[in-house]
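*Asks:* Just so you know, the protein sequences line up as chains A and B, in that order.
Residue numbers for the first sequence follow the numbering used here, so the first one is 1 and each next one is one higher.
Residue numbers for the second sequence follow the numbering used here, so the first one is 1 and each next one is one higher.
Keep in mind that the hints were calculated from the coordinates and are not lab data.
Any given hint could be a false lead.
[Unchecked claim] Calculated pairs, SDA-like style, for lysine to any residue (alpha carbon to alpha carbon, straight line, at most 25 Å):
1. A:LYS350 <-> B:ARG361
2. A:LYS434 <-> B:PRO289
3. A:LYS351 <-> A:PRO333
4. A:LYS351 <-> A:ALA324
5. B:LYS311 <-> A:TRP106
6. B:LYS388 <-> A:PRO317
7. B:LYS311 <-> A:ASP174
8. A:LYS350 <-> B:TYR342
9. A:LYS370 <-> A:GLU49
10. B:LYS378 <-> B:GLY360
11. B:LYS299 <-> A:ASP174
12. A:LYS269 <-> B:SER240
13. B:LYS388 <-> A:THR301
14. A:LYS239 <-> B:PRO289
15. B:LYS281 <-> A:ARG414
16. B:LYS190 <-> B:LEU481
17. A:LYS370 <-> A:PRO438
18. B:LYS378 <-> A:ASP419
19. A:LYS113 <-> A:THR72
20. B:LYS376 <-> A:GLU256
21. B:LYS459 <-> B:ASP39
22. B:LYS369 <-> A:GLN186
23. A:LYS334 <-> B:ARG297
24. B:LYS34 <-> B:LYS109
25. B:LYS459 <-> A:LYS350
26. B:LYS476 <-> A:ASP419
27. A:LYS269 <-> A:ARG414
28. B:LYS378 <-> A:PRO317
29. B:LYS459 <-> A:ASP174
30. B:LYS304 <-> A:ASN326
31. B:LYS117 <-> B:GLY414
32. B:LYS393 <-> A:PRO317
33. B:LYS369 <-> A:TYR300
34. B:LYS281 <-> A:LYS351
35. A:LYS336 <-> B:SER240
36. A:LYS88 <-> A:ASP58
37. A:LYS351 <-> B:PRO341
38. A:LYS143 <-> A:TRP106
39. A:LYS259 <-> A:THR197
40. B:LYS388 <-> A:GLU347
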Amino acid sequence: MGTMRPRPAGNKPVWDLTTKPTEKVRVAVIGLNRGSAHVNSVAALPFAEVVAVCDIIDERAKAQAESVFKKTGKRPAIYSGDENAWEKMVARDDIDVVHIATPWEWHTPMAIKCMSLGKHAFTEVNCGLTIDECWQLVDASEKYQRHCPILENACYGEEELFVLNLSRQGFFGDLKHGECGYIHDQRSSGSGPKGYTFMDKQREWRRNYATLLQGNVYPTHGLGTIAQYMGIGRGDAFKFAVSVSSPEFGLSQLRERVKPDRDRSQDQKFVCGDVNTSIIKTELGRTIVIQHDNTSPRPYTRGNMLSGSLATFAGYPNRLAIDADNSHPLLDPKEKRNSHHWTYEGEALKKFMEANQHPLARKVGEFAKKVGGHGGMDSLMNYRFLDCIRQGITPDLTVYDAASWSALLDISDRSVREDSVPVAFPDFTRGGWKALKPLPLVS
Amino acid sequence: MNTPDNANRRDFLKLGALAGLGLGLNAIPSAEAKPDPRDLKLLGAHDISVTRPRPSGNKPVWNLTTKPTEKVRVAVIGLNRGRSHVNSAANIPFAEVVAVCDIVEGRAKSAAANVKKVTGKEPAIYFGDENAWEKMLERDDIDVVFVATPWEWHVPMALKAMEKGKHAFIEVSPAVTVDQCWQLVDMSEKTQRHCSIIENCCYGDEELFVLNLARQGFFGDLKHAECAYIHNLGGGVLWSLGSEGDWRRDYHRFMDGNLYPTHGLGPVAQYMNIGRGDAFKFVVSVSSPEFNLTQYRDKHQPNKGQHKDEKFVCGDMNTSIIKTQLGRTIMIQHDVVSPRPYTRINALCGTQATFFGYPGRLAVDADNKHPILDPKEKRNSHEWTYEKEKLAKFMKANQHPLITKIGELGKKVGGHGGMDFVMAYRMLDCVRQGITPDMTVYDAADWSSILEISARSVKEGSMPIQCPDFTRGDWKTIPPLGIVS
Chain A
1 MGTMRPRPAG
11 NKPVWDLTTK
21 PTEKVRVAVI
31 GLNRGSAHVN
41 SVAALPFAEV
51 VAVCDIIDER
61 AKAQAESVFK
71 KTGKRPAIYS
81 GDENAWEKMV
91 ARDDIDVVHI
101 ATPWEWHTPM
111 AIKCMSLGKH
121 AFTEVNCGLT
131 IDECWQLVDA
141 SEKYQRHCPI
151 LENACYGEEE
161 LFVLNLSRQG
171 FFGDLKHGEC
181 GYIHDQRSSG
191 SGPKGYTFMD
201 KQREWRRNYA
211 TLLQGNVYPT
221 HGLGTIAQYM
231 GIGRGDAFKF
241 AVSVSSPEFG
251 LSQLRERVKP
261 DRDRSQDQKF
271 VCGDVNTSII
281 KTELGRTIVI
291 QHDNTSPRPY
301 TRGNMLSGSL
311 ATFAGYPNRL
321 AIDADNSHPL
331 LDPKEKRNSH
341 HWTYEGEALK
351 KFMEANQHPL
361 ARKVGEFAKK
371 VGGHGGMDSL
381 MNYRFLDCIR
391 QGITPDLTVY
401 DAASWSALLD
411 ISDRSVREDS
421 VPVAFPDFTR
431 GGWKALKPLP
441 LVS
Chain B
1 MNTPDNANRR
11 DFLKLGALAG
21 LGLGLNAIPS
31 AEAKPDPRDL
41 KLLGAHDISV
51 TRPRPSGNKP
61 VWNLTTKPTE
71 KVRVAVIGLN
81 RGRSHVNSAA
91 NIPFAEVVAV
101 CDIVEGRAKS
111 AAANVKKVTG
121 KEPAIYFGDE
131 NAWEKMLERD
141 DIDVVFVATP
151 WEWHVPMALK
161 AMEKGKHAFI
171 EVSPAVTVDQ
181 CWQLVDMSEK
191 TQRHCSIIEN
201 CCYGDEELFV
211 LNLARQGFFG
221 DLKHAECAYI
231 HNLGGGVLWS
241 LGSEGDWRRD
251 YHRFMDGNLY
261 PTHGLGPVAQ
271 YMNIGRGDAF
281 KFVVSVSSPE
291 FNLTQYRDKH
301 QPNKGQHKDE
311 KFVCGDMNTS
321 IIKTQLGRTI
331 MIQHDVVSPR
341 PYTRINALCG
351 TQATFFGYPG
361 RLAVDADNKH
371 PILDPKEKRN
381 SHEWTYEKEK
391 LAKFMKANQH
401 PLITKIGELG
411 KKVGGHGGMD
421 FVMAYRMLDC
431 VRQGITPDMT
441 VYDAADWSSI
451 LEISARSVKE
461 GSMPIQCPDF
471 TRGDWKTIPP
481 LGIVS
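Input sequences plus hints: build the corresponding full structure.
*Replies:* Encoded structure:
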């Protein structure tokens, strides 16, 4: 599992891949449940155009096309009706970027097909479900010299960009530890007649993973941001992970409670423990705690915690503690500090965050909030990614990020199955991480 | 401790331990050989997980009863941490502090004076050299000895106290190594004396509240817990000569793991009935790099630079995950040097509710129909159901009986916000009644064992390390701790 596969002859690294600049980036989107936010984000960008949309359900495709028409005056082509519709769409020669926002099992085959046809594949989380799929993505991206970034919107949240901004400026001192998670009670969603539960048809594909996998089935929302803070793949790399799962109660008890009829959940055996906790060790010795729990009665959190020798940030709610010895130029030298209390939280933190916004948030934060999509994260991410394509430069998140973040899914599953033994990460950069510089403060 | 002679002795003993010649199971070092953390017998990969056979003649002590008494006679060794226990015991009507001991004369006298002030009776005083405690233990008018000395002294003192017929109430961590844990269990079972861990955090308001709810089934099926000792001592206590700076930093020089597991783990283990229906199965542990002790030392050169050659090997942040026999998980962390506020996390996650501490928050499932809930209240676990004022109100309405009984008095007497007093009251009340204290030698051993087990896991590249069963199978049948008062 931790084996580094040799690079197939003729393939070349893509971490600094440049492409031909373009005035208008032409976008297609597959999967319009999650993908509707991408359609909406792209339609609002002056330098992008939604040329085609695809979904297995006719109405969803039509509704998105209509929505684009309303915003831009131009109606994208519609592909729908069967499971091959997307293949017809990606055969078009007027598409630069394909957003893939389908059920997880479709991500890798669609991304590889897109890249083989000359498109950049912007792949929703998780990108690869297995280590093998992760390698397939890396090899396809390197073979076809197309970008294959992971669409990790949580990397473009305001707090996350703020922490990234501080950490790039050395504010945290030596980084030692991070914590993250995807804690989101998804047993039921919405309320009233529109509400549905994990037992309903709409959630069947995702519920099925709880019958197959035993580890962290959705690692990237938390992990992506921590990986960026720490420069994973760019100066540091994941070394191994250990993973432990709690018993399973959530889905079985939900089934008991809602008693679904005419439903395929009846005979399912859920093997995925409710709470999965994994610890990743990096090559530089740092540690990352990452958790997954989507069936427990608790409020949403991604953790978003970063611990350095000179400061500590924790999210949900946001709090920043600064060491008495921290003499970073961002700080008021006259301010007395004491890390036995949170230095900034509530209003004081808001003020400090505002004064130290990431350049991207400063540039397009307001715009993104107006466009919306998970509080603007979706819009900000799409702005930045498509702006990279417009300029012909490498997007912030590469196929190596897609692979190393997604790999935890398979690695944690393996660790849990083998009674929590440490399982090594493969090096998808094939040694490249040692010489790569951390992502600079982009705008 | 840093004299060349001592360094040589250490090297000699370390070689001895490597050759398998470490302290034997029942050997009690005499006080003349001052224990040194480096002399502790760390076990090999195989031995650490082995459940040792019970020596013949020994009997389990999890339900040990003793002769009831009207007045429990208490002695305390180690009056830095121990002065709080002296003060608690002095304020308990059915207890009497008969003797106090510290190597420092001034500390012994001031603790004795405090007792006189509170009770009108002055306890005997032992001080002056490292053997003073042994003289105190020769007395035949002591029921309970509180051991609150540097960690390396805990086990030799507790063993001797039990040999002399006293109950040993040991500060945290009672033992540093798994071998020491077995020594405590075997001595307690041999002498039929209690050997309790005095884990005051098990008697905090919030912890007792969560325990109270957990015992009533409020959380549904328990699945996961989180706890920690995160307390920035790296710019103060760890360098403070004349107290913990004399010895505590030493552990950072030879062990890389969770050096102080019990403050967080004790309460969580109680919520989950560890040792009484469930048990620790294995541990994986991962440490971050070490930065802060070295950086602080280099920048501030504490104590005139005399620590300049100390090399610290303990990673700043240690995270371990414990898997229990029932499959539950416990995440436990240790970080005493990073710039961050104090927390023990104190989280418990069940199918019907979730509690988090620091600050206290409780989320209750929409489906939770527990009788203590208002059935008309609309709930939604996507938000914290109770926090701040609402939680304070709910906590008050659902206090643990112990807090209802003596919480107010505890706050008045003080000691870590009253926890010390509530604990001393309850533990000594058990001895008064002749019943088993809430925390037994099996708890002392289970909770302490994480120290060496985590260090072993870190050393082996975070391999899972199986936990030995200090109850020797009894955890399957020992009933859960009730809601005591």
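*Asks:* Could you tell me which of the numbered hints above are not met by this structure, giving the numbers in increasing order?
*Replies:* Hints 5, 12, 17, 18, 19, 25 and 34 contradicted; others consistent.
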